[in-house]
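From first to last, the protein sequence lines stand for chains A and B.
Position 98 (the first sequence) corresponds to 97 in numbering that gives the first Met the number 0; numbering is contiguous.
Position 66 (the second sequence) corresponds to 65 in numbering that gives the first Met the number 0; numbering is contiguous.
It should be emphasised that the hints constitute simulated quantities derived from the structure, not laboratory data.
Hints may be right or wrong, so weigh each one.
Note that the list lumps identical chains together, so a pair holds whenever it fits in one copy or between two copies.
DSBU-like, lysine-lysine: derived pairs with alpha carbons at most 35 Å apart [said to hold, decoys possible]:
id, residue 1, residue 2
1, K6, K177
2, K196, K220
3, K66, K196
4, K177, K116
5, K116, K145
6, K26, K5
7, K66, K26
Just so you know, these numbers come straight off a predicted model, no measurement behind them.
2 protein chains.
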Amino acid sequence: MNRDAKKRAVLLLSGGLDSATTLAIMKTLDRECYTLSIDYGQRHGLELDAARSIARAFSVVDHRVVKIDFGQLGGSALTDSEIPVPTAPTNGIPTTYVPARNTVMLAIGLGWCEILKAPELYIGVNAVDYSGYPDCRPAFIERFEKLAAVATRAGIEGQGVSICAPLIGMSKSEIIEKGLELGMDYGQTLSCYQPDKNAYACGLCDACRLRRDGFAAAGVKDPTNYG
Amino acid sequence: MNRDAKKRAVLLLSGGLDSATTLAIMKTLDRECYTLSIDYGQRHGLELDAARSIARAFSVVDHRVVKIDFGQLGGSALTDSEIPVPTAPTNGIPTTYVPARNTVMLAIGLGWCEILKAPELYIGVNAVDYSGYPDCRPAFIERFEKLAAVATRAGIEGQGVSICAPLIGMSKSEIIEKGLELGMDYGQTLSCYQPDKNAYACGLCDACRLRRDGFAAAGVKDPTNYG
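Bound-form chain A, shown alone (with noise of 0.2 Å):
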């Protein structure tokens, strides 16, 4: 094995802003990125579409989607079309959390890693403005690391994977003024949870909030179109 060689890591890639971003941070960190998306039955394949389009645009080695039919299961306003996805802000977890979802994304993303020998599996949340969802909290990520290091052949092997989330103590606006830093073309990224068939952001849900929230805490333009 070649001792120079670039550390190999595997990210969650959504189509968001901070998927997107915490890209743009591996890439500094010359890592070798192989990105994931994960095609939940989100109720738009837009994201999905941004996702291809931000890899390509980072030259990751390789770009993988996985489906999984959570609809199957329900329970939330992003993958049930029976529950509307609210546009003014709630108390508590909204409606929009899917149940376990970064649990299982985390998972997929893990099997990947263990295939590519990948010693570092990066995922985009962060705590501060993540909208109530208990699974973007640093307590999940260390517990999830824990496992990881007895879930594989890796980890019984001593070789266990990291879960790396460097925007997790940073607000939107941290992480909007740390990709604009690093070159980030936010245009290319998409947040809302219900943009319309050409792509513009509704400019209400809980994504588009924390993300015009984010933008204008900045200081910065925010390149979204809103419809």
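Following the hints, complete the assembly by docking chain B onto the known chain A.
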């Protein structure tokens, strides 16, 4: 809420001998049973048919099948048709191991528990005759339970999900004896990794060998149709 209500529980039901026996045990514990099969691109769908029959035979409240195309990532003889299923014992972890499979399946089960507000998630793993898979051991189950406590809305609100693996310390023959004691019809279960189209088992793969040896050790007749 009815204080005499049965305890609600989700079971990962594969159609094999172990998860079927786990269902029989749950019934003796008076659980309100929900069963979940994961279609992860295993070589044959007969296993999923067996799971459906078993769910029906035990009158579960609901049985769901969630499809995930693990085959996208490859890496296992069970999901990649280019890797042959071994027909003789192998050293170490065999090629039939699907990377992170139990982590993914438990994660999906955890999501369903959260939707159903079920405090228990059952899995039929056993660490004794377990083919050498890393994700069948007690340390794995314990760490998944710790993850579950911080991964979900229910966990945050104080009600975690217990991961129940009642077979974990049992040998295959003890599992079979327990199941027969509970009236289990093992003719309904299918263990083989590569049955033919008439559902005849090969008798040679890991799963067949463990099953045959288990029946032999228990001193009872194996109802399996070996081709």
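- Is the C-alpha distance from K196 to K220 at most 35 Å within one copy, between copies, in both cases, or in neither? Only inside one copy: K196 and K220 sit 23 Å apart there, 61 Å across copies, limit 35 Å.
- Check K26 against K5 for me: Cα-Cα at most 35 Å, and say if that holds within a copy, between copies, both or neither. This pair counts as within: shortest intra-copy Cα distance 11 Å, inter-copy 52 Å.
- Could you place K116 and K145 in one of the four classes (within, between, both, neither) given a Cα distance threshold of 35 Å? both (18 Å within a copy, 26 Å between copies)
- Is it within a copy, between copies, both, or neither that the alpha carbon of K66 lies no farther than 35 Å from that of K196? both (21 Å within a copy, 27 Å between copies)
- Up to 35 Å between alpha-carbons, please classify K6 paired with K177: within, between, both or neither. So K6 and K177 pass the 35 Å test inside one copy only (22 Å; across, 49 Å).
- Query: 35 Å Cα cut-off: does K177 pair with K116 within a copy, between copies, both or neither?
  - Reply: within (29 Å within a copy, 40 Å between copies)
- Message: If the cut is 35 Å between Cα atoms, do K66 and K26 qualify within a copy, between copies, both or neither?
- Response: both (26 Å within a copy, 33 Å between copies)
No hint from the list above goes unmet by this structure.
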